[in-house]
Amino acid sequence: MSEKDAVATAVLDVPETPITSVMPPENRQTQRTKVRSVSLHLILGGLGILFLAPMLWLFLAAIDKNASWGIEWPHFSLINFKHVLTGSLLHSLWNSVVLAVISTAIASVTGVFAAYSLSRRKIPFKGPLLLFIIFSSGVPLAIMVIPVYEIFSRFGFLSILPTAVFLSVTSLPFEVYLMKNFIDAVPTDLEEAARMERASTFQVLRRVVIPLAMPGIAAASIFGFVNAWGSFVVPLILISPANQQPAPIAIYTFLTLPKAEFGNIAAYSLVFCVPVFILYAVSSRLFREGFVLGGGVKG
Amino acid sequence: MASIPMVDTVTGPSMSELWKTRRDKSRFQWSSLGLLTPAFALLIILFLVPMGFAVYLGLTNLTLVGPTAVKWGYTGTQNLLRLKSDTSFWSSLWATGIFIVGSIAGVVVVGYVLASLLMRARPWMRMIVGGIVVVAWMMPAVTAGMTWYASTTGGGAFATLLGTPNTNFLDNNPLLVVTIASVWSMTGFAMLVMGAALRNIPSEAIEAATVENASSWQRFRMIILPLLRPTMTAIVLLTGLLALANFSLIYIMTQGGPGNATNILPLYSYQQAFTYNNLAYGALIGNVMVVIATIFGVFYVRITARRL
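Line by line, the protein sequences give chains A and B.
Residues 459 to 757 (my numbering) make up the first sequence, in order.
Residues 104 to 411 (my numbering) make up the second sequence, in order.
Below, a sample of chain B positions facing chain A; criterion: calculated Cβ distance under 10 Å:
#1 139
#2 140
#3 145
#4 149
#5 160
#6 236
#7 238
#8 243
#9 258
#10 262
#11 263
#12 264
#13 349
#14 382
#15 389
#16 393
Here are the in silico distance ranges between beta carbons for each label pair:
#17 378(B) to 643(A): 43 to 51 Å
#18 147(B) to 713(A): 33 to 41 Å
#19 155(B) to 719(A): 42 to 50 Å
#20 534(A) to 264(B): 19 to 27 Å
#21 647(A) to 318(B): 50 to 58 Å
#22 698(A) to 401(B): 32 to 40 Å
In short, the hints are calculated from the structure, not lab data.
Glycine included, every Cβ here is placed at the ideal spot set by N, Cα and C.
Excised from the complex, chain A in its bound form (with noise of 0.2 Å):
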């Protein structure tokens, strides 16, 4: 699931050079490296159609109008998509909209409090508190549905608001954990002077930490809206009236269906991914201009 993301997320600041002198100084045996270099490259060339191969039906089947299980030359034509971005299926998709948004909101800004408090504040028990945070931020907490299944049956709750809410406690101790990094990482000069000014306390959260730690929190909101919107499990156990569900869902209820629309199928899924892709490339740029907090505190 999405969790896979998690620490991912933190460790997108991956430079873009090489380090080409960790090849051996081979001088001598140029014609060596050369075939070295050749087979080296033939082998990742297998290893990139290995990993293609299997995304290939995803994205031939969408463009074709007569698709099946198989891979073959499409008879392009983008009725797929027009098929799949009509009636309960564009719907579904604005249900996934609407679950991952509350769900990150509710993670971020509760998940910006705490992490500001570990960071700055002297707080008791803090160290098992950080633990209990990095111990829930590794242990998937969708294992816990059965519980919390039998909590909402009881209370009403199986709609989409609540679950928003249970999968925003999923992603929260990620979000603290790397939120609290960032801001750690803030000078703590212009705070100061901050307070030197008489602000209170919400006032230099708004105005001086947040804005600094603004990619910290850009990315950890991005990996929970991530989380929420690829998630299947939650929702499919969670959330009861058919108008609610959201797009995984929907994907899943296609295969039930008597006669596989196999050209809608792949359309739909593809377009499912995009956001993912999307919040992919901001995050990564995130992070490469992330750790840039020099220039605010002058002097």
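Fit chain B to the given chain A structure using the hints.
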């Protein structure tokens, strides 16, 4: 401190009081509690409470429908005894073990190979292959499950590419295929993290070893592996945790079948709770998962907390 202003000792605060106010910053402030409360209230209500509730639920006779859906209660060790003699549970645990170990091994090996080869490859190659692997990793589990199902079923991409169009790989080797799909969907992460770690290895160390005529295997074992160990441990633990909770990918591809071949614990728990209506028994299986996750989680905390 020279910057502390002189204060009238009668009307103003004394020197010692000034010292106190200077230390004020590191004292507990009540507003901290206000800042922490929303997040921790959510975590307590929707994580700790359900977790405690699940422990109790596992020892009851709650069902999804029927009389025991309303009037249910504690049944002691009845469910535990059932679990002990439930062959489906033990085969599910076994499948889970294979799935987790296979996912970890595949992700670490393929991730390392990709990371180390891409580092030495041409930029265009790095862009294309790295891009494909990252796209595979970013793909939501439901979509990944769909496209893997399409590719490995009879007449799918792999069958066509290998020239045996009627082979149904998914039916022939279900557990192997879903494990490969799981590796496929998690390798991108390992590749990025190990790539970053590899770039941090000082090139002098490797050059020195090369001068000493160390073989590439020796360079890997003596220099790269020890330096990469913390990163690898983190990847192993996270991959294990994610594989343990991997519901969507397998549910879309096989729904636990054929038979019980790919019925790993999350699917078996779901099946017991919502297909066979045994909510309490499903919760008990969920608790087994929590125990396994906690073992992984404790090690994960130990390696992560060092970086705080």
